[in-house]
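Novice: What follows is the residue order along each chain.
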Amino acid sequence: MRDIFTAAWRELCRRKLRSFGAVSGYLLACAFIVAMVLMLQFDLQSKHATVSYMGARFLAYQPFVRTADPDAVGRPLDPVNEGFFTEPTVTTRLLPRSLLEQIAAIPEVRAVAPFLLYRFKQGENGHIFSVGAYDPTYQNAVRSTLVSPKDVVSGAFFRDGDSNVVLVDQSYAELWELKVGSVVIIGDMLYPVIGITSSHARTARADVYMLWPDAVAAINKRLGRPLVDEANIFLVESAGIEAAPVAMKKVEALLQQGHANPVVCMPPVVKFMGLSHDTLRLVLAIVAILTILFAMNSQWSTVSERRHEIAILKAIGWKDAGIFLQIIAESLLVALLGSALGALAGYVGFLAISTSMGARVSLAYYVIRAPLTILVIMLAALLTGILAGLLPASRAARTSPAEVLRTL
Amino acid sequence: MGPLLRVEKLSKSYHTRGNEIKVLAEVSFSVSAGELLLITGRSGVGKSTLLGLLSGLDRASSGSIFFQEKEITGLSLAELAELRAGSIGMIFQSFNLIPGWTARENVEAVLMHRGINAAERQKRATEILSELGLKDRLENLPAELSVGQQQRVAIARTLVNDPVLILADEPTGDVDAETAAEIVELLLPRVNSGRAAMIVASHGLFDAKLASRIVCLKDGSLSETAQ
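Sequences listed follow chains A and B, in order.
Just so we're aligned, residue 2 is where the first sequence starts under this note's numbering, counting upward by one.
Just so we're aligned, residue 628 is where the second sequence starts under this note's numbering, counting upward by one.
By construction, these hints were calculated from the structure, which means they are not laboratory data.
Even for Gly, the Cβ is constructed at its ideal location relative to N, Cα and C.
Where hints are given, some of them may not hold.
Covered stretches of chain B (in silico footprint by chain A; criterion: 3 or more residues with CB under 8 Å from a CB of chain A, positions within the stretch not fixed) [unchecked claim]:
no.	region
1	679-691
2	717-727
3	757-769
Full structure from sequences and hints, please.
Specialist: Put into structure tokens, the structure is as follows:
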């Protein structure tokens, strides 16, 4: 076997240009496939992390239909500009906080918290902004769906004993040039800003966050009747991404009892994944097939060029199996060399792209999973080399030396 | 002890566009070790075809070939290849060296796939090439050698496996008289010592005086010719 590979290597070295072309073909294909597969895995991991984060959490509320029940909205004094709502601009009903226990009892629900999101209009010609009521009693649900101490970009988060202080979302703070120590006017009161937060892609957000009693007090001043242990949104964290659809359905069903309107929940993002990945997989399959065809064509041409040599070798006693193995070995070496270089190039390309994207996955991915993936791709490339060499090798082995030597 | 090679009623036909072209018709002859059989005849008469059949490169239409008392016409391709690699040496008119391989590699090729390690192959190839005066040309490609040197490489390739039957197809056809004499000089000792038999196909340039017997191939049949 060593002789076969030695002779195959010698042949490749002799036909430098052709070998270079064949190796380059493998290199390009393998680099592309490695980079794409790693990016695909990387993207899936990132998406899975995002989906696990986003898709496992949802808001439960009931949209308000004015004609159906005009009194249930919480009767703001300025119903045109103010009211309970959820993003983007869905007016919502007020729901009894007692639903909290029922939602929490659902097995697919890990945590739940009440939430008040109220749209204020500041002054006669003032701007509109939202106030969210933060209830530290339900930190488990709130910190994953709304805002948490980790989101503070300057200043501090709410602390025990705090009262009549606010946190301001970074975008709102930048818009109004608010800093820690600034004050915001809500209703007729001034509230000092103790922290600026940036909660990015949390399930719910507000321009200004207040502690629950302060928010209730501020909102009550804008309502025709005060709030009675009510919330307009429930922040729900399901027991994982797989449990989210069931949890949403059950919460929806729960909120339907005694209420006319269905709950509108964000469906899991995971349902919308897949199209781009399927397309990529198709592209990868096409590249793999083209690689086999290219390699086969290359080997076929080599065998055609070497008919005379093969006939001589058979005439001096080489067996069909020897000729066959020799061609397969050449094909295998080309695949090995091309795929090794391609895998290296692909990995470097992947590192460059993923780094330039500013994204990171775990170190374990870079040192274990990615190399394992590369190994699998290289093995597939070697299999490709064998497959691509089969037909040309079979043709070479079937060469009739008498016929070829006679025609010379 | 019987003949090294015995051919009985060997026929070979080709079929082209529905027509049967009979090249050999029930040819019979035998050759013993120490003999040089010269097969003469005009170009295209079927001399190369006959050598092809004897070496197992081609299949006969009918008839039998016995090599060392064993019928080889029914052997598999692998068995015939084994026979060529171990016992039969071939010399072609156009040398048929592999252009991209060095002189040494061309000779070594015969020993490959036969369980002989690389060092031993290299040693034997170097020895035989040195014997034939090509010690300084071991790593040269055929294109870098003169015609005479190329033919000597081809002879070295034939002799390296110490064959008992040498089949030479127009061995002096493409070379000048001096080189032709040189080639014969290299091959004859092996025959004259009784270690091998040699069958030479030539259309007339080979020195007939060197042959033990001369047969003429004409219209598919062999006829013994007086020397």
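Novice: Decide, hint by hint, whether the structure agrees.
Specialist: Okay, the hints, checked on the actual structure:
no.	hint	verdict
1	679-691	holds (count 4)
2	717-727	holds (count 8)
3	757-769	violated (count 0)
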